[in-house]
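Asks: Per the numbering used here, the very first residue in the sequence shown carries number 2; after that it's consecutive.
Source of the hints: derived by calculation from the structure; they are not laboratory data.
One thing to keep in mind: the hints can contain errors.
As the list claims (entries may be wrong) - For lysine to any residue, the following SDA-like pairs were computed, each having C-alpha atoms within a straight-line distance of at most 25 Å:
(1) K129 / K281
(2) K411 / G39
(3) K145 / K47
(4) K129 / K48
(5) K48 / L282
(6) K74 / I222
(7) K147 / G39
(8) K364 / P321
(9) K281 / A255
(10) K47 / R412
(11) K223 / P237
(12) K147 / L197
(13) K129 / G39
(14) K147 / K47
(15) K364 / Y315
(16) K145 / K48
(17) K244 / R92
(18) K244 / K74
(19) K223 / P133
(20) K281 / G187
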Amino acid sequence: MQIIRFLLLSILLLEPFFNIVQAVGCDDVDSSSCYQLGPLLNASSKKYDVLHDVLGQPERYRVQVLYTQIDRKQDHQIVFSYYQYGLDESRYFYPASTVKLPVSLLALQWLAQQNLPDLDKNTTMLTKSSHPSQTAALTDHTAKDKLPTIAQYIKKILLVSDNDGYNRLYELLGQQYINTQLNEKGLSTTVINHRLSLPLQESEQRQYNAITFVDNANQPIKTLPARSSEQRYINPSNPLLGKAHMADNKRVLAPMDFTEKNRFSVTDYTGVLQRIFFPKLFNPEQQFAISEQDRQFIIRYMGLVPSASDYPSYNETDFPANYAKFLLVGGDAQPLPEHLRIFNKSGWAYGHAIDGAYIVDTKNNIEFLVVAVIYANENDTLNDDTYQLDEIAKPFMRQLGQLLYERELKRPRAAAADLSQFKNLAIN
């Protein structure tokens, strides 16, 4: 199969004996120029029954996929090749919990920018209630010492997609910092403008709690007053979804307005994953400005299964290994093979299921990136909690991941990838 490769600028010598081709994705070129994934998907084995059914109804399921093939050359270059299906930046989808990943990265970046010796991700973070619509967070029962920290919030976010953890980081950073920083990094088709699972007015989403970081003696290290944002970060296309929606326990026969909801495009999500796992492919101003230790912290908890964590602690019955992992292993509870690493962040809400992952097979030296979204909402009614996550979305994601994984097993490579760092990273 012919492979179209996108190479941007010249090869950069970024460290001794390690050349990297700078990243470029379908957001940097006309999406029609990306290699089409459709022929591969449509020619797949009939054993992928859900995949075939979904692809046969594109308007119903609104699938978007961006698959990134990774090749490491003999001269140590890294080359990305892009394959897209249904990629359309103008077609809005609700990103659900996937926005928690860039916000987690920005929280670590914000910490680094404070440049205070006693302030890090393990410093106690006390959140106060500054308005009637807000809540305080002075303790955290999931932490060993029962105290909230940025590290603990991120762990819960990446392990089980905890909403409160995200909301606390959102309140710390505020809309202006989040959106300005993402835009400056070249992630320009993302809008993050609200907490999750809290019924607040748009103006209340722009009000942020007072926060104090304290040391072990409960003495303040850094204090943030109650703050607010004047600028509104909204979706300029005023997206409307569905034929009906629920509001105040009543069915409204009109689409739901997502103008004031979060947005996180498939291409931007791919860019975030690339910045995590291949940061040196980007100029410094496009990277998340975090330490190598914090980057490894993010990677570890993206791959860790919930039951392998001590604090926070999760039982395997309620939170199986594949609890929040849809691509390749989504569906009924199952363990992950020892040689497989899935570093991901998924989300599901308003009929949408999204997953983005860097998938690594340490036994067969396989690595690839994939971000996918599907709309599984048979009655096309929003906010009624009647979606086909288990019946359609998860099986689709599983079969999509399996198909791409099988392709990766078979395709030739100029040079073997050194994935030993992931082999030694315990996830179970």
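Asks: Which of the numbered hints are not met once you compare them with the structure shown?
Replies: 1, 3, 4, 5, 6, 7, 9, 11, 13, 14, 15, 16 and 18
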